[in-house]
Every structure is written in structure tokens, then in C-alpha cells.
Amino acid sequence: MTTQTPQKSPLDYFPTEDEYQRLLDKRTRRGTAVRITFLLMLAVAVVGLGILLYTIIDDSFGIVAVVNENEPEDILAAYGYDPTVTVLSDLNKEQLVEVLAGSISSGVGRRLEREQRFFADRLVFESQAKWDEVCASDEPPSGCGGGVRSKADVVALVEERVIAPDIIDASRLTASIFNPQRFKDKVEADFLTNPDRYEDYTFDQVRFQWRAWFSWKFITSPASDKPEIAGVRTAVLGSIWLVAITVLFAVPVGVGAAIYLEEFAKPTRINDFIQTNINNLAGVPSIIYGMLGLAVLVRVLEPITSGSLFGDGAPNGRTILSAGLTLGLLTLPVVIISSQEAIRAVPNSLRQAGMGLGATKWQTVRSQVLPVAIPGILTGTILAVARAIGETAPLILVGAAGFITVSPSGPFSQFTALPIQIFQWTSLPQEEWRHLAAAASLVLLVLLLSLNAVAVLLRNRYSRRLT
Amino acid sequence: MSTERGVHDADMARQLARKPRRFERLIVGSLFIAGAISIAITIGILWELGSESLLFFLDDDVTLGKFFFSTEWSPQAGSFGIWPLILGTMLITVIALLVAIPVGLSAAIYLSEYASPRVRNFLKPVLEILVGIPTVVFGFFALTFMTPLLRSIFGSQVGFFNVLSAGIVVGLLIVPLVSSLAEDAMAAVPDSLRQASYGLGASRLETSLRVVVPAALSGIAAGVVVAMSRAVGETMVVTLASGASPRNFSLADDSLFGYILSPFEGAQTMTGYIAITASGDISYDTIDYNSIFAIGLTLFVITLGLNSLSRRIVKRFRQEYE
Amino acid sequence: MTDTPDATVVTPPTTVPNPGSGAAESGTSSAQGTGVIETENMDVFYGDFKAVADVTMKFAFNEISALIGPSGCGKSTVLRALNRMNDLIPSARVDGEVRYHGANIYDPSVDPVEIRRRIGMVFQKPNPFPKSIYDNIAWGAKINGFKGSKSDMRDLVQGALEQAALWDEVKDKLTESGLSLSGGQQQRLCIARAIATQPDVILMDEPCSALDPIATLRIEELMLELKENYSIIIVTHNMQQAARVSGKTAFFNVELDTTGQRTGYLVEFSPTDELFTSPRMKATEDYITGRFG
Ligand SMILES: Nc1ncnc2c1ncn2[C@@H]1O[C@H](COP(=O)(O)OP(=O)(O)OP(=O)(O)O)[C@@H](O)[C@H]1O
Ligand SMILES: [Mg+2]
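Chains as they are written, first to last, in the working numbering: chain A, -11 to 455; chain B, 24 to 345; chain C, 200 to 492.
Simulated from the structure, these hints should not be mistaken for laboratory data. Predicted model, so just to flag it, every value in this text is computed and none were measured. Using N, Cα and C, we set each Cβ at its ideal position, and we do this for glycine too. Check each hint, because a few of them may be wrong.
[Unchecked claim] Pair by pair, the computed Cβ-Cβ distance ranges are:
{"#": "1", "chain 1": "B", "residue 1": "Phe177", "chain 2": "A", "residue 2": "Thr16", "range": "50 to 58 Å"}
{"#": "2", "chain 1": "A", "residue 1": "Val442", "chain 2": "C", "residue 2": "Leu287", "range": "33 to 41 Å"}
{"#": "3", "chain 1": "C", "residue 1": "Ser348", "chain 2": "A", "residue 2": "Arg449", "range": "56 to 64 Å"}
{"#": "4", "chain 1": "C", "residue 1": "Ser348", "chain 2": "B", "residue 2": "Glu47", "range": "23 to 31 Å"}
{"#": "5", "chain 1": "C", "residue 1": "Leu378", "chain 2": "A", "residue 2": "Arg332", "range": "18 to 26 Å"}
[Stated by the list, open to error] If you only want the chain A side, here are some residues facing chain C, beta carbon under 8 Å, derived:
{"#": "6", "residue": "Lys254"}
{"#": "7", "residue": "Ser337"}
{"#": "8", "residue": "Ala341"}
{"#": "9", "residue": "Gly346"}
[Said to hold, decoys possible] Below, computed lysine-lysine pairings styled on PhoX-like, alpha-carbon distance capped at 25 Å:
{"#": "10", "chain 1": "B", "residue 1": "Lys338", "chain 2": "A", "residue 2": "Lys254"}
{"#": "11", "chain 1": "C", "residue 1": "Lys341", "chain 2": "A", "residue 2": "Lys254"}
{"#": "12", "chain 1": "C", "residue 1": "Lys341", "chain 2": "B", "residue 2": "Lys42"}
{"#": "13", "chain 1": "B", "residue 1": "Lys42", "chain 2": "C", "residue 2": "Lys346"}
{"#": "14", "chain 1": "B", "residue 1": "Lys42", "chain 2": "A", "residue 2": "Lys254"}
{"#": "15", "chain 1": "A", "residue 1": "Lys214", "chain 2": "A", "residue 2": "Lys172"}
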């Protein structure tokens, strides 16, 4: 430091009032600019989420271009009705069944009848003797259980099997609302440029109609290789089975481990090791759990996971049980860690009060600590399980079946699941499957968001009660 | 009735003696087993990855040297060099971090230092919803929105499968992770530090950027490392959006950097390879089957390393404030 | 003085199995000079830190004994050592002996749970369970193996609440949460909860520090009533309180030792009137006259 000017006071090194004001202005302006930058960045996240949801909804509804294998008018005419005054739904059930029987093979007819009969008093496709025999077998089909198809059901069957619509192109929601003509032009142009693809049809036969890919029918129909009738019932049921097994495994084990670590574990080496190990497991990518499931559950433990140890089971270990347990293993560390947090949040004074009365540790934990911790445990567990429902990679590894139309019937069934269905439909090139993938995503999101909402509600009620 | 008050007795010692409490011991024993299951899981992972990888490396087509030093991954041709897959993973991770760090950090700074409670109450749930969306849906989003968007911006040089789209969407996916970890780190900075800074006449921005962020830096860094490990392990987005062909390259090639760094072309990642290979009907004890475990082991080591690195950073951070 | 052999035999309100206090004569043993709890050369450590050193005291039957001293001198630490509540603190360790009815409670063969059901505790901050008032009291009895019928249990709850002078205030809302009570009521609920398990000794750690003067007064009256049936050891910062309720008072102090550790120790343990009128030690005098550093 040189002090050639000792007469200067320290104040001289600071800006004058004017200069300072200017400096302050500059600082404020810079502050505002940066703040706006922050906000813009944040907007990226919000807008990203918005666009994502928009994309999914946009693809879940819209106008489709359909060609029918048989036009309803032709069908009506063929059966002697006057298409100018009658429509299909005017016919009574007997007439509709007659139309149906006239166009489908007897094999398909028998299958439909075994699913559910058409009439209570007579059989249409099946002989009585055969029917009795089938119904007396070990696994009678659902049709033996009674109940008959409603007229609406038969109308739907006629539409699906006889009219047999084929969606040749589909458009998105916003495009359908704002510019439906463009879609029609596009389909027409396609007819001109691609005559081979449509050799059986002419453009005049194309009908444009609204379609909700996301609908109750979509949720309740089984998978199919026809996008017109494909649904997610098998996948939804598969996911429900998986969640059930995941919860049955991960919740008791996870909460138990959390109680042990928080309440009983002395700081010994083994307990420290368990804790570190759990923290590490929480960071392992889910696909690695899938490989664990494949190598250990599916392969090594095949006798158990295929069910062959308990009688006749699946041909291999790629069953719901394996997949559910894999998801359980994956969820376990998350359940443990969030339950630990919930247990840690219980005030120590309650433990002292319990022990001070001469209760044992377990009595105190069970009656005083856990009841207070349970809302927190539930919240964390629901969030963890919601994550498990959306997991895809581990299911691919343990071998979710690609295409499967029968609903799972037990832990040893083959299965598919919602995220798997989305993955497969997304990987298919044709436009129609894209819309199905979107609708399935919507189903999954609605499911997950309602689970999350439950968790948030629980948390809010819980935090209100504590204050 | 038992004790006589004040009797200096052996009887009292007997009454106070430990009870067997078998039920309690049984409970604690089962709770311990529940805790120890996590160790079994780890052993399971290590055993399965280790043993199958060993089989892979014992195969005649494969040598350790080739695995770690060859720059070509084409199982059909019998060449197993892991670098193309690592390269794909790295490319996507870097793009993801380029998206997630600025967005996530801005969100964290804004939420913890600026936002009014009302804005917070709106934005926090938005980030939480983002966390809850399954990755396969993000994959669908990448393929149906991001890729077409990029193609309409950059033209047809953008491939149908490309690294950029996958990277951006993975970035969006890890934004909430970065922001929540960074926010935690900033919340841990003592308020006295902020007050000291305001007391010296610093503005809000100066306080947050020059005082709070540096003080929380190691915590933020730890969060970024965790997010990175998450991006490395992400599977569905990259499988759907970035394609199934590894970017094989040769070190002697002139156009090396242009080719291997191009964001407009697809590239298979480690996770993508595992998922694609396993989704076909894969039969046990083939070289393909074993190879996914070797890749899995590599992936496991990388993510484990990143996670321990982050924990080490956090530990150091804690010491600073004690 | 309270060392008189008063043999008021207390019958518990109902047919409760009585683990700790029994109908007996305390005369004999008091005459021999045995206390209900005795400590001998007791040191308490938290890890390597010696919090209190070399405490030797004898707490008499059916008497209120007060522990006073500056903050941090280890009063709570000593109190918790008397019923092994320190076990809940992983780093805590006790050397020396603590005897209850002559049995060393730190003997490895001793079950701490058995100690705590005989030596109850009331804490500085009221800590009712987040359950109904009724369940707050009934739970302690249940886990201690209460064998009576439902109506026996109701009698027990009522008896405990009456003893704690809370019955009239809560008799119409027994199903409401214990947390809905005022601070003073909560503390009396905690006392009722402690006596419902029929302990022999009750430890109280600054039971009135969170309460207003009126609530404090009620708790003091309560203690004086309870001492007929129980031996009570109370930690307090309020010297008037110690003077009002206790028969004997212990003064603890804390000193920096050579290594710079703040270790607490017992200065003197005398009959309360003596301690406040003619303390034996200079430090005691300084403290009670307010001349304390
Ligand atoms: N759980 C604990 N772990 C470590 N040290 C502790 C713990 N509890 C108390 N100590 C230490 O032991 C010493 C005595 O503490 P204690 O709480 O017994 O004092 P006290 O006399 O009750 O004080 P106060 O009047 O403030 O309640 C203090 O130095 C304190 O820091
Ligand atoms: Mg204290």
C-alpha cells in the first residue's frame, strides 16, 4: 500500500452520491434482467410440462378416416330391409344376430357365444350337447355363468365384425378442430399417390368421423392387432396385479426396515453398512433391477416364479410374480428412505413418554410412534408405488409379453402392463398406433395423478394436524 | 403382593431381572431381517452382473482389451467394443445437463430466493408432477413432439432417431431433480449469511448469486452429479428416441469429431442396447444374453461412482457449516 | 423432618397389580437409613464428555427431594440416570452404582423396562400422546399388564385423574385429544398418566417451567398430596418452589476442570430449610442469594 496522499479520508474512495445513484440504478437493472432470465428458464420447465400434456391429449382425440368393409346400407339391403328408412339399430336382437351369423365364421361365432350367450333360451352357434360338455369341464368359459348379451352389445359386434371399419388415417385434436379440410385433402392426395395401398377402395368410400381414442371402451377392451378395436384392459389388469405384488412385498419389508434402522439399530458397523447400502441402492438405475429380475427371479428361481413348484404353472419364469417382485425390489429403497424420514419426524418426547411409563421399545413404537408416522409413511409409499407403476425398463428385461389378449388370472400368468403397451405402440410406425399410445399414456397419467393427489391430500391433512 | 418397601433385598434384584420378552425379540429379529434384505439385493446384483459378465469375457470372441479399447460395437459381426455405447450415453447426458442445469438452477434460485408464496405454491406442484410422469411417456413425447419440432427447425438433416431430441427430453426429465436438490442446498445456507449480505447493502441478486449460491455450491454440485447419474441410467427415452444403431467410429478417421459429436443422428446408449436386446426373445447363455450383463456392470459401476462422488461432496459441504 | 416413619399405607384405587409400591412398612428400612434410591460415586458420560462426576446421594421414602443448580450442571442428566432414561441416548453411559431398594439398576441382569415401570417420569415439556385423554392414561396401565375389566379401567382412569386434580375439568371430555388441553392441564394429565401405572417413585424434570403461576400452584399442591403415597424427585430452577414443596434439596454446581470440560458435581444435599437458611457450603450460599456468577 502506498500512501502518498495521507490527507485523503477513506470516504474519498467511495463514489459520490450521484455516482452511487447511477451505480445503484445499474445494479437494479441488472438484477431485473437476471431475474427475468431466471423466470424464462423456469418457464421452460412449465411450458415443457404443458406441451407434454398437450401432445398426449392432442393425440388422444381427433378425426379419423375410415373405410368400411361392408357399408351398413348394403348389409341392410342384403337382408331385405329398406336402407332409406331403416338403420342398423332399428333391428331387433334376433335380426341383428342373424346378420352377424351371416358374416362370421362358425368358429368365431362359437367363441363369442362361449364368452357370453346371445339368448337365454337357445344357442346360436353351438350345439346343446357340446355346450353341456364344455360347461362341465374343469375350466368352463365365462358364457356358462349365465347372462346374455344386450342388444347394444350385439350392435357393437355387428359394427366390429360385419361393417368391419378400417381406420386408414387419423388426425389430431387441434388440427381436427381448426383445419379438418386439410386432413381430408391429405387423405385424398394419399389415395392418388398411393393407389396400391388402397386398391380395394375408392376415396368416395372414405368416411371422416370423430373418434375418442381415450374412452371407456378403450379401457375395457382387450389388446388387439386392429387399432380400431384395440384397448388396454389386459395391460391395465397386468399393471394392477404388478402393483399389488409390489405393495405386498415392498411395504411390509420397507416399513419394517425403516423401523429397524430408526428405532432399534445401534450404530454398529453392520447397521451403518445397511444404511449406506440402502442409500446406494436408491441410486441404481431401474434397468439394473430388471437384469436382477431376469437373472435371479426369472431364471434361477424359475421353479418358484413360474409356479411349477406348486403344480402346473407357466412355461417359464416370465410371470407377473417375477415382474411384481422386481418392481418391489426397485421400490424398496425408496419406501425405506421415505418411511425413515416419516419416523424421524415423530417428536422424541413421545418416545420418552412411552418408555417413561415402563413400556418396552416395541410397545412404544407400535402404539405411539407408528400411528403418528403413518400418514407420512403412506404419502412416501404412494409416491414410490406410483413411480413403480410407470416403470418400463425393468419389465422389458423380465420379459413382459409383447402381445397378449387374455387377462392375467394369477401371479403365474404371462402379462403385459400399461407402460409396456405404451412402449410397444410408440415403437410402431403407423399413425394409428401413435394415437393409441397417447390414449394409453393418458390412462396411465390419470391413474398416477390421482395417486399423487391422494398423497398430497394426505400430506396436507397430516401437516395441518401437527400444527 | 411382592415388594416390601425398603427391604434391602435380593428379592428386588430378582423382580428387576431381565424378562425373556420373546415376542419383542422375534419382532426386532424380523425387523432386522427386513433391513438386511437390502444387503441380499446388493449381493444379488453384484453376483448376477459379475457372473454373467465373466461368462461374456470368457467367450472366444471377446477379450477385455477389445471390450475396453475397441471402437466398434456390432454383436452380429462379433465385435464388442464398449466405446460407441459409452459415447452415445455421454452425448445424451451432456445435452441433458445443458438443458437441466440452467433450467433447474434458475428454478431453484428463483424458488428459494425470489418467489412469493403464491408463485411457489404454483411452481412446486408443477415440478412435482414432472417427477411423477413415467419415462416411457417422456419417450413418447420425444418421438411425437420433440423430433418433429427439431426437424421443422433444422430440416431433414435431423434423423428420425437422433441424440438431440433424446438429450433435450432427458434434460427436461431431470430438471426437477436438479432444482429440488439445489433448493435443498440453498435452504441449508444459514439465514445469517443472507442478512449479513443485505446488511452490507447488497441487492437481492448480488446476495443470491455472490453469497448464497457460492455457499451452497458443493450441495448444488452434488445435485448435478446425482442428476447426471440419473441421465446415464435413463432408458426409455433413449431407447425410443435415439435409435438402435451404435455409433461405431474409428480413431484414424478424419471426420471423427464431426461424426461422433453430431447431435442430429441417432446413437445407441448402454441402456438402449440392454433394453433392445432384451426385448426380443433372448435365449439364455448366448453371447447376446451375456453381453447385456457386461454392459450392465459398466453402467452400475459408473452410476455407483457418480452417486458416491455426490455423497462425498455433500459430506464435505456439511463440515463447512459445523 | 420427612424421615419420620410415616406408614400411611396407600391402597391403590382398584385391584391393580402393583409392580412397584406395595403395602408395607417403610419404617424398618428408613430406620436403617436406606433410601428408596441411592447413588454411589455415580459418573455420567456423554461419549467422552463427563457430564456429572461422583454423585453420592440417598433419596428417602415418601419425601419430595429437589435438585437445584445452574443450567447445564447436570440435573436432568442425574434425574434420567435414576430410571435409566439415559439408555435412550446412544452416547450416554453411567459409572458407579444406582440402587433401587438396594438393587443396582445398572447391573447387566436388570431389565430397564422393569425399572421404568417402578420409577415413573414427568418431563419438562408436557408430552401427552396424540390420543384421547382416556387412552393417554389407560395405555400405561394396559402395557403394564392391567388385568381388570373395562369398568375397573374406568375407575383407574378416574382415580388417576382425581389424584392429579384434573378430573373435574375433563370428566366430560375424556374422548377428546390430550393435545386439546391447556399446558397446565396437559402437565397434570402427564402426571395422572404416570401415577396410573402405580409407580413407586416419580421423577419430575422442571414440571412447571412451561406453566403460569396458577397452574404451577396446582401442581405443587398436587405434589404435596402425592408424596403421601410416592417418593418424588423434582428438578427445578425455582428456589421458592424447592423451598415450598421439598423436604430435602440437593444443590449441584458445574466447574471447568483442568481439561476445560464442564463437569457437574453435587455440592450439598441437606434438609431444605437448612439449605436455604444456613447452607454448609459457600457456593450454595452464593447461588441461593443470587450472587452466583
Ligand atoms: N443428549 C446429550 N448428549 C450430549 N451431551 C448432553 C446431552 N444432554 C445433556 N448433555 C450435556 O450434559 C451437560 C448437563 O446437561 P443437563 O441437561 O443435565 O443440564 P441441566 O442441569 O438439566 O440444565 P438445565 O437446567 O438447562 O436443564 C450439559 O453440558 C449438556 O451439554
Ligand atoms: Mg434440564
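In rising order, the numbers of the hints this structure does not comply with: Of the numbered hints, 1, 3 and 11 do not hold.
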